[in-house]
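Asker: Sequence:
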Amino acid sequence: NAVKELVLASLLLAARNIKDAPLASERERRFASLVLTNVINLRQRSGKGAEALAVVERLRRLLGNNDPTPDVQAVNLLRSQGKREEALAAVRAARQRFPEETGLLRLEAFTLADLGRVEEAVGLIKPRLTGGAGDYEEYLVLANLLMNAGRGGEAVEAANKAVGLAAADEPQ
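Each residue of the sequence shown is one higher than the one before, counting from 323 in our numbering.
One thing to keep in mind: the hints can contain errors.
[Stated by the list, open to error] Lysine-lysine pairs mimicking DSS-like chemistry, simulated, CA-CA at most 27 Å apart:
1. LYS341 <-> LYS370
2. LYS483 <-> LYS448
3. LYS326 <-> LYS341
[Said to hold, decoys possible] Computed Cβ-Cβ distance ranges for the label pairs, DEER-style:
4. ALA343 <-> LEU437: 35 to 41 Å
5. ARG349 <-> ARG414: 29 to 35 Å
6. VAL329 <-> GLU442: 41 to 47 Å
7. ARG414 <-> LYS326: 21 to 27 Å
8. GLY454 <-> LYS326: 45 to 51 Å
9. ASP342 <-> GLU422: 40 to 46 Å
10. ASN470 <-> GLU407: 14 to 20 Å
11. ALA488 <-> PRO449: 20 to 26 Å
12. GLY456 <-> GLY369: 24 to 30 Å
13. ARG338 <-> ALA455: 39 to 45 Å
These are calculated hints, taken from the structure and not from any lab test.
Using N, Cα and C, we set each Cβ at its ideal position, and we do this for glycine too.
Using the sequences and the hints given, assemble the complete structure.
Answerer: As structure tokens, this is what we get:
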């Protein structure tokens with residue numbers, strides 16, 4: 323039951339004396355992130371998007387400005403609400419603050435694909451391909467983007483490249 327889970331989440335945070343002040347301890351940050359992410363998901367599933375966004379902002383206060391987790395949560399929430407243009411603006415703003423965060427780049431690609439801008443999405447991922455074993459995840463992202471766009475042949479090609487890299491990485 324969602325109400326019981328929300329009460330439990332509140333009790334868990336209270337037991338650790340987690341309120342709204344920024345958390346210094348990495349352990350407390352991980353704990354609060356886990357608990358509040360669950361609360362965000364509960365609010366979202368209950369159709370309470372505004373309440374979920376309020377929890378995202380609480381998470382941002384707790385984690386501070388050096389953690390992209392609240393941004394990822396906000397973008398995913400906006401995407402789930404069909405607010406794709408807002409999600410795109412939010413993920414681009416987050417990428418400005420966290421340019422090295424690969425997850426945000428991928429999230430931007432998926433958001434662009436949501437908007438039907440698959441070529442732009444693919445254009446974000448393809449430059450990351452280096453020709454090495456590290457391309458595995460990027461090929462999986464490409465396969466997913468292309469499959470969702472109805473471009474099955476290209477998706478299979480990207481997936482096969484990922485499988486080839488995974489197989490090459492396996493010990494003999």
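Asker: A separate judgement is required for each hint: does it hold in the structure or not?
Answerer: Hints versus structure:
With a CA separation close to 22 Å, the supplied pair LYS341 and LYS370 stays within the 27 Å bound. For the hint linking LYS483 to LYS448, the alpha-carbon distance of about 13 Å falls within 27 Å, and the restraint holds. Restraint check: the Cα-Cα separation between LYS326 and LYS341 comes to about 20 Å, which is no more than 27 Å; the hinted pair holds. At about 38 Å, the CB distance of ALA343 to LEU437 agrees with the hint of 35 to 41 Å.
At roughly 32 Å, the beta-carbon separation of ARG349 and ARG414 lies within the given 29 to 35 Å, and the hint holds. A hinted range of 41 to 47 Å holds for the C-beta pair VAL329 and GLU442, which are about 43 Å apart. For the hinted restraint 21 to 27 Å between ARG414 and LYS326, the CB-CB distance of approximately 38 Å leaves it violated. For the pair GLY454 and LYS326, the beta carbons lie near 48 Å from each other, so the given range of 45 to 51 Å is met.
In this structure the hint that ASP342 and GLU422 lie 40 to 46 Å apart at CB is violated, the actual value being about 28 Å. Separated by about 18 Å at the C-beta atoms, ASN470 and GLU407 satisfy the suggested range of 14 to 20 Å. Checked against the hint of 20 to 26 Å, the pair ALA488 and PRO449 passes, with Cβ atoms roughly 22 Å apart. Evaluation of the 24 to 30 Å hint for GLY456 and GLY369 yields a failure: the beta carbon distance comes to about 40 Å.
At roughly 41 Å, the beta-carbon separation of ARG338 and ALA455 lies within the given 39 to 45 Å, and the hint holds.
Checked against the numbered hints above, the structure breaks hints 7, 9 and 12 and satisfies the rest.
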